[in-house]
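J.: If you're matching them up, the sequences are chains A, B and C in order.
At position 26 of the first sequence (counting the first as 1) the number is 26 in this note's numbering, and the numbers step up by one without a gap.
At position 105 of the second sequence (counting the first as 1) the number is 105 in this note's numbering, and the numbers step up by one without a gap.
At position 169 of the third sequence (counting the first as 1) the number is 169 in this note's numbering, and the numbers step up by one without a gap.
Take these hints with a grain of salt, some might be off.
[Stated by the list, open to error] Under the rule of at most 27 Å between Cα atoms (straight-line distance), these lysine-lysine pairs were calculated in the BS3-like manner:
(1) K96(A) to K9(C)
(2) K35(A) to K96(B)
(3) K96(A) to K96(C)
(4) K155(A) to K96(B)
(5) K9(A) to K44(C)
(6) K96(C) to K247(B)
(7) K96(C) to K35(B)
(8) K155(B) to K185(B)
(9) K44(B) to K44(A)
(10) K35(C) to K215(C)
(11) K96(A) to K35(C)
(12) K163(C) to K215(C)
(13) K155(B) to K35(C)
(14) K155(C) to K96(A)
(15) K44(B) to K44(C)
[Said to hold, decoys possible] Label pairs and their calculated CB-CB ranges:
(16) K155(B) to Q5(C): 47 to 53 Å
(17) V126(B) to G309(A): 46 to 52 Å
(18) R115(C) to N213(B): 41 to 47 Å
(19) P46(C) to P320(B): 55 to 61 Å
(20) G157(B) to P46(C): 37 to 43 Å
Everything labelled a hint here was simulated from the structure, so no lab data went into it.
Glycine included, C-beta positions come from ideal geometry on N, C-alpha and C.
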Amino acid sequence: MFNSQMTWKRKHLLDIYNLSKEEILAVLDTAKGFKQLGRRSIKKIPALRGKTVVNLFVEPSTRTRISFELAAQRLAADIVNFTAEASSFKKGETLKDTAKILEALSADIVIIRHRSAGAPHFLSRVVNTSLVNAGDGAHAHPTQALLDLFTMREKVGDIAGKKVTILGDILFSRVARSNIWGLLKLGAQVTLCGPPTLVPKSLESMGCKVTYNLKEAISTADFINLLRIQHERQRHSMFPSLGEYSKLFGLNKERLAWTRPNAVIMHPGPVNRGVELDSEIADSDRSVILDQVTNGLAVRMAVLFLISGGDPSKETGDKPST
Amino acid sequence: MFNSQMTWKRKHLLDIYNLSKEEILAVLDTAKGFKQLGRRSIKKIPALRGKTVVNLFVEPSTRTRISFELAAQRLAADIVNFTAEASSFKKGETLKDTAKILEALSADIVIIRHRSAGAPHFLSRVVNTSLVNAGDGAHAHPTQALLDLFTMREKVGDIAGKKVTILGDILFSRVARSNIWGLLKLGAQVTLCGPPTLVPKSLESMGCKVTYNLKEAISTADFINLLRIQHERQRHSMFPSLGEYSKLFGLNKERLAWTRPNAVIMHPGPVNRGVELDSEIADSDRSVILDQVTNGLAVRMAVLFLISGGDPSKETGDKPST
Amino acid sequence: MFNSQMTWKRKHLLDIYNLSKEEILAVLDTAKGFKQLGRRSIKKIPALRGKTVVNLFVEPSTRTRISFELAAQRLAADIVNFTAEASSFKKGETLKDTAKILEALSADIVIIRHRSAGAPHFLSRVVNTSLVNAGDGAHAHPTQALLDLFTMREKVGDIAGKKVTILGDILFSRVARSNIWGLLKLGAQVTLCGPPTLVPKSLESMGCKVTYNLKEAISTADFINLLRIQHERQRHSMFPSLGEYSKLFGLNKERLAWTRPNAVIMHPGPVNRGVELDSEIADSDRSVILDQVTNGLAVRMAVLFLISGGDPSKETGDKPST
């Protein structure tokens, strides 16, 4: 892990957009070591002993919270959960005030999930505590992108030149956005596909290809990343119904036949079974959905580890991705 | 504890029904050692250091959750709470998917409470993680039965031949069901009593006696275990009212005179004071209600300890009790 | 810390009212040592290793809960959160039963916040566990008072003879009540100010001055402690509106000019910005609001530390303050 610590100088993980290829690889290499550790009987190392990590989840998420909580525990950090329901946001306290208080309590790292895009960037300008973005609105979800990259590299080694298709609700997806930046930085070819209302042609300006033809999108892909239809989040429905979506873009057995025999199926979870993806495929050996979960823990350990050792004096201001 | 570990080979604790007498005694003997430990100033041992325990409580229960949480902490495990309210069950994730994720996160033991009978057995067939049933519907609550057996043995030594009366809502009670199996395996004589709607005669097929005569039920008993009337759970009232129940079957001072002078009063808690049991008796030295709580912690430590050391390769499939 | 442990013999912290000046100073001196510790990279000491601390918060409070949780973690205690929402209070369990259960589970210290004045004192008579009052109704909030005293001493050394003005909703404030007792014991001069409905003249019987003239109240003060208007708590409004309160008693830039140039602005948080206090002043270097947060952690560590070492045999019964 020595070289990774040489490369990584950041105090925060706010976004994939601002990371260099070398920084991304530093996280992924560090995570590789931590994944080994997870196979031992005693899975802890004292790297963050005596440090305090706060899970500030202003938008609920059990999976991601637990993944970060376990990551912090395995590094022997103390961890405090601060969820919106229990919080004094009810009393009208602002996010800034809350972050200031966590800083005053000497929190070393605050992991923040928030409904509003840019919330972690905003906080990085008002507090000195290290921040990890665990998902902000439709903007970014950098640890999800890093764990997806880790999972792809685990399958094929270098992903430069590999074809990755991201399918579904791209426009409202922080997962898509962070994945696209990460994939492009590592040299992958990215194709986006889904209903035109959710995958506007303008996304091509990011450097990827947009198509509305499912067969074309998936037939040459090395990786097919199916995004969750966030039906609970969209107020004005952008497509007729879940059934309609499934009929047009859901991956079922018949359409799987269009793909390359070793194309890898990915999904950030939780899967809407029968909507984006049929259960049979989700649970088959073509899918790496559970590997993504396992790798997420290793990647989050790596992020907490690197951030703790990073030299804040060399921190450069990050510009949010768009 | 050496002999207990020789006897115990199971990876899960799903049910009392499938345990042998020797396995039950292995837990109770191990718990005895842990109860001693609880009296020391430093109450921790590093038996589960670096292991991850998840409290997956899909039905709320503060008492049982805290008891397991403390048990895990005293064995130096890391523990993560996953409660239904905070969970992504809201997002339509299935129980199986959740368990698969916990397995992918390398959880060593998942403690599960669930509204549906059979949920822990179901999970034991789909994940490799160790499972502890912390109560499933009206089916089983094995650690409650084990702590009740522990408490009885603490009072009288061997419980073979002892008379145990279980009083109240037997039909809907996982506590009753698990207690009956445990008591019969250890050779106790079990009498069930309560309103006929809640204590059908057919329960005699389990190997115990059913009576609707309270005086008969309690006058020769060594132990009287009063179950909580789960009035918040029954949709169609099986008896007129709590007042009516109390009038017919509540244990008050007058009726206590019917019992043997050293008959022991038990209750799994929380007591509906004045319904199943008068406060005066609940708080008297005839009652061991708080000993049950203390013993619960020791028993749960024993279960977590034995399960962690059990050899999964020798695991035999459990058949759910009925 | 040796001398502090000589002075401190109490098993509970229920109230400031019963503490001697020497006991208050013992906490503050101990906290000073712990504040130093918070500046180190590894912020933990094993003083409470193997001890169990329970956060029994029957009234929600994220700030105070997290402050106590971090304090316990830094002393290496195990900590369990027990909040009202998740609790079996829903099942009709009484507070006394809950405390008895925590005692039976060998909890070493129970930190209790409760809506009802006197709840912690009541529990101290029914359980043997150490208790820390984290706020009971409108009665007492001793750790808040101690952290306020700590913060004042940090600014001026000895506070005997210093002028402290408490401003706002005194009548309904446990913070005010505990601060008044603490300040008077250490020899400060206390002035109370606010609307007559919230600051009755009868409070002068405690030994402080009451005035309704804001200018008079703040112009000679060394410390101005602005209390939060608990608008979510008052059922029958005791004043026309928040806007009206702000107009009459809110501290803004213009009124700040009335104060002494080095008068220190305090607030227990969370601030209703623009009501009690303008943002500009809250965030200026005249304010020590975030120091109060930092000091709260050190003071709570000191309380947990001293209580754990206190000799229960020498405990004298406390009388609740009025």
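J.: Hint by hint, say whether it matches the structure.
T.: Quick rundown of the hints versus the structure:
| no. | hint | result |
| --- | --- | --- |
| 1 | K96(A) to K9(C) | 40 Å, violated |
| 2 | K35(A) to K96(B) | 24 Å, holds |
| 3 | K96(A) to K96(C) | 39 Å, violated |
| 4 | K155(A) to K96(B) | 26 Å, holds |
| 5 | K9(A) to K44(C) | 26 Å, holds |
| 6 | K96(C) to K247(B) | 25 Å, holds |
| 7 | K96(C) to K35(B) | 24 Å, holds |
| 8 | K155(B) to K185(B) | 18 Å, holds |
| 9 | K44(B) to K44(A) | 18 Å, holds |
| 10 | K35(C) to K215(C) | 35 Å, violated |
| 11 | K96(A) to K35(C) | 24 Å, holds |
| 12 | K163(C) to K215(C) | 14 Å, holds |
| 13 | K155(B) to K35(C) | 49 Å, violated |
| 14 | K155(C) to K96(A) | 26 Å, holds |
| 15 | K44(B) to K44(C) | 18 Å, holds |
| 16 | K155(B) to Q5(C): 47 to 53 Å | 41 Å, violated |
| 17 | V126(B) to G309(A): 46 to 52 Å | 39 Å, violated |
| 18 | R115(C) to N213(B): 41 to 47 Å | 45 Å, holds |
| 19 | P46(C) to P320(B): 55 to 61 Å | 45 Å, violated |
| 20 | G157(B) to P46(C): 37 to 43 Å | 40 Å, holds |
The structure shown violates the earlier hints numbered 1, 3, 10, 13, 16, 17 and 19.
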